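J.: Given chain A's structure and the hints, the job is docking chain B onto it.
What follows is each chain in one-letter form.
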Amino acid sequence: MIIKIFIILFIIFVLSRTFIRFRAKDITIQELVIWSIFWSSVAIATLIPRQTDALARMVGVARGADLLVYISIIVLFFVVFKIVVKLEKISRDITKIVRHQALNDKEYKDNESR
Amino acid sequence: MRIWVVIPAYNEASIIGRVIKDLKAGVENIVVVNDGSTDDTAMAATASGAVVISHMINLGQGAALQTGIDFALKNEADIIITFDGDGQHQVGDIENVIKPLILGEVDVVLGSRFLVSSSQVPTLRRLLLRFATLVTKIYTGLVVTDTHNGFRAFSKYAAEKIEIRQNGMAHASEIIEQIKRQNLKFKEVPITIRYTAYSLAKGQHLGDSFKIFWDLIIGRISR
Numbered sequence: 222m223i224i225k226i227f228i229i230l231f232i233i234f235v236l237s238r239t240f241i242r243f244r245a246k247d248i249t250i251q252e253l254v255i256w257s258i259f260w261s262s263v264a265i266a267t268l269i270p271r272q273t274d275a276l277a278r279m280v281g282v283a284r285g286a287d288l289l290v291y292i293s294i295i296v297l298f299f300v301v302f303k304i305v306v307k308l309e310k311i312s313r314d315i316t317k318i319v320r321h322q323a324l325n326d327k328e329y330k331d332n333e334s335r
Numbered sequence: 034m035r036i037w038v039v040i041p042a043y044n045e046a047s048i049i050g051r052v053i054k055d056l057k058a059g060v061e062n063i064v065v066v067n068d069g070s071t072d073d074t075a076m077a078a079t080a081s082g083a084v085v086i087s088h089m090i091n092l093g094q095g096a097a098l099q100t101g102i103d104f105a106l107k108n109e110a111d112i113i114i115t116f117d118g119d120g121q122h123q124v125g126d127i128e129n130v131i132k133p134l135i136l137g138e139v140d141v142v143l144g145s146r147f148l149v150s151s152s153q154v155p156t157l158r159r160l161l162l163r164f165a166t167l168v169t170k171i172y173t174g175l176v177v178t179d180t181h182n183g184f185r186a187f188s189k190y191a192a193e194k195i196e197i198r199q200n201g202m203a204h205a206s207e208i209i210e211q212i213k214r215q216n217l218k219f220k221e222v223p224i225t226i227r228y229t230a231y232s233l234a235k236g237q238h239l240g241d242s243f244k245i246f247w248d249l250i251i252g253r254i255s256r
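Protein sequence lines, in the order shown, are assigned to chains A and B. Position in the first sequence (from 1) plus 221 gives the number in the working numbering. Position in the second sequence (from 1) plus 33 gives the number in the working numbering.
Quick caveat, the hints were computed from the structure, so don't treat them as lab data. None of these values were measured; they are calculated from a predicted model. Incorrect hints may have been included.
In silico EDC-like cross-links for lysine to aspartate or glutamate, where the CA-CA straight-line distance does not exceed 16 angstroms [unchecked claim]:
hint: 1; chain 1: B; residue 1: Lys218; chain 2: B; residue 2: Glu193
hint: 2; chain 1: B; residue 1: Lys107; chain 2: A; residue 2: Glu328
hint: 3; chain 1: B; residue 1: Lys189; chain 2: B; residue 2: Asp126
hint: 4; chain 1: B; residue 1: Lys107; chain 2: B; residue 2: Glu221
hint: 5; chain 1: A; residue 1: Lys317; chain 2: B; residue 2: Glu196
hint: 6; chain 1: B; residue 1: Lys189; chain 2: B; residue 2: Asp241
hint: 7; chain 1: B; residue 1: Lys213; chain 2: B; residue 2: Asp241
hint: 8; chain 1: A; residue 1: Lys317; chain 2: B; residue 2: Asp103
hint: 9; chain 1: B; residue 1: Lys57; chain 2: B; residue 2: Glu138
hint: 10; chain 1: A; residue 1: Lys327; chain 2: B; residue 2: Asp103
hint: 11; chain 1: B; residue 1: Lys57; chain 2: B; residue 2: Glu128
hint: 12; chain 1: B; residue 1: Lys218; chain 2: B; residue 2: Asp103
hint: 13; chain 1: B; residue 1: Lys220; chain 2: B; residue 2: Glu128
hint: 14; chain 1: B; residue 1: Lys194; chain 2: B; residue 2: Asp72
hint: 15; chain 1: B; residue 1: Lys107; chain 2: B; residue 2: Glu193
hint: 16; chain 1: B; residue 1: Lys235; chain 2: B; residue 2: Asp72
hint: 17; chain 1: A; residue 1: Lys303; chain 2: A; residue 2: Glu252
hint: 18; chain 1: B; residue 1: Lys107; chain 2: A; residue 2: Asp331
hint: 19; chain 1: B; residue 1: Lys244; chain 2: A; residue 2: Glu309
hint: 20; chain 1: B; residue 1: Lys107; chain 2: A; residue 2: Asp326
hint: 21; chain 1: B; residue 1: Lys194; chain 2: B; residue 2: Asp111
Just chain A, with the same shape it has in the complex (with noise of 0.2 angstroms):
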């Protein structure tokens, strides 16, 4: 199956990213297990669809696809959820800073033609 070979190339293409991130020490060691873990996951569903489905069955969901669904969309959530939490402190620095360049700028400028 074409799909089955397009995933498996995009996770080996995604696991070597997180690799080179690690290596830069762009994320931590945490990061590189919890993703590795991951998308290992995603390629074994892939590979074998039937036995995960028995994993899958365990906590009662139907089938191995199904559960991977299911956990990326959490997943998924999380990260846009840490993103927009991130995202509001930056601007909140940006913030400050531009304040206080603003405000400095004055001082200056009325000291200088003092």
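T.: Frame of chain A; chain B shown alone:
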């Protein structure tokens, strides 16, 4: 008693000069916070005799107000008035707005266009503002007739207590929330809004209310 007028301005070059000239007749200290305008707002404001502080980039009205308030407090303000830069507020109303502060009755005075019959508020805008009032009531529990009115006055005490963290238009609801949280005494006084094609075009629209709602929610979870 030193009174400072704070005017947040974003691309108001065509009208800010006139607004300042009108204000000069009644008040001495005017600070325009040029919020990263891409036109000649700063030049026009300086030429009209206001103190101008410029944000490097556009942050939003809430951020501009806080910068102006910081500046006024640094410059020994006893009373801080916030005033719109688009010409919709009347200089003649200032006296009524600051009177309760001078008398020491309250800490914050909020202008309300709905307490006076001479404001001709367009229907759609009236509905939008009523809705904002309802949201504010649910959000803060305070009944204010006109939440999104930029004409306000703060005592030094109130200005030091209130910290506007909402950079965008949600600051209006945030101010009410902080009045409540900081236990500040407030009063609404009637003011007249003069709607012009210019102020209506620059004013808020329906889509903005969704953004305000979103900003308030995000502000809550990331505090």
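J.: Looking back at the hints listed earlier, which ones does the structure fail to meet?
T.: When the structure is compared with the hints, numbers 3, 4, 6, 7, 9, 12, 14 turn out to be violated.
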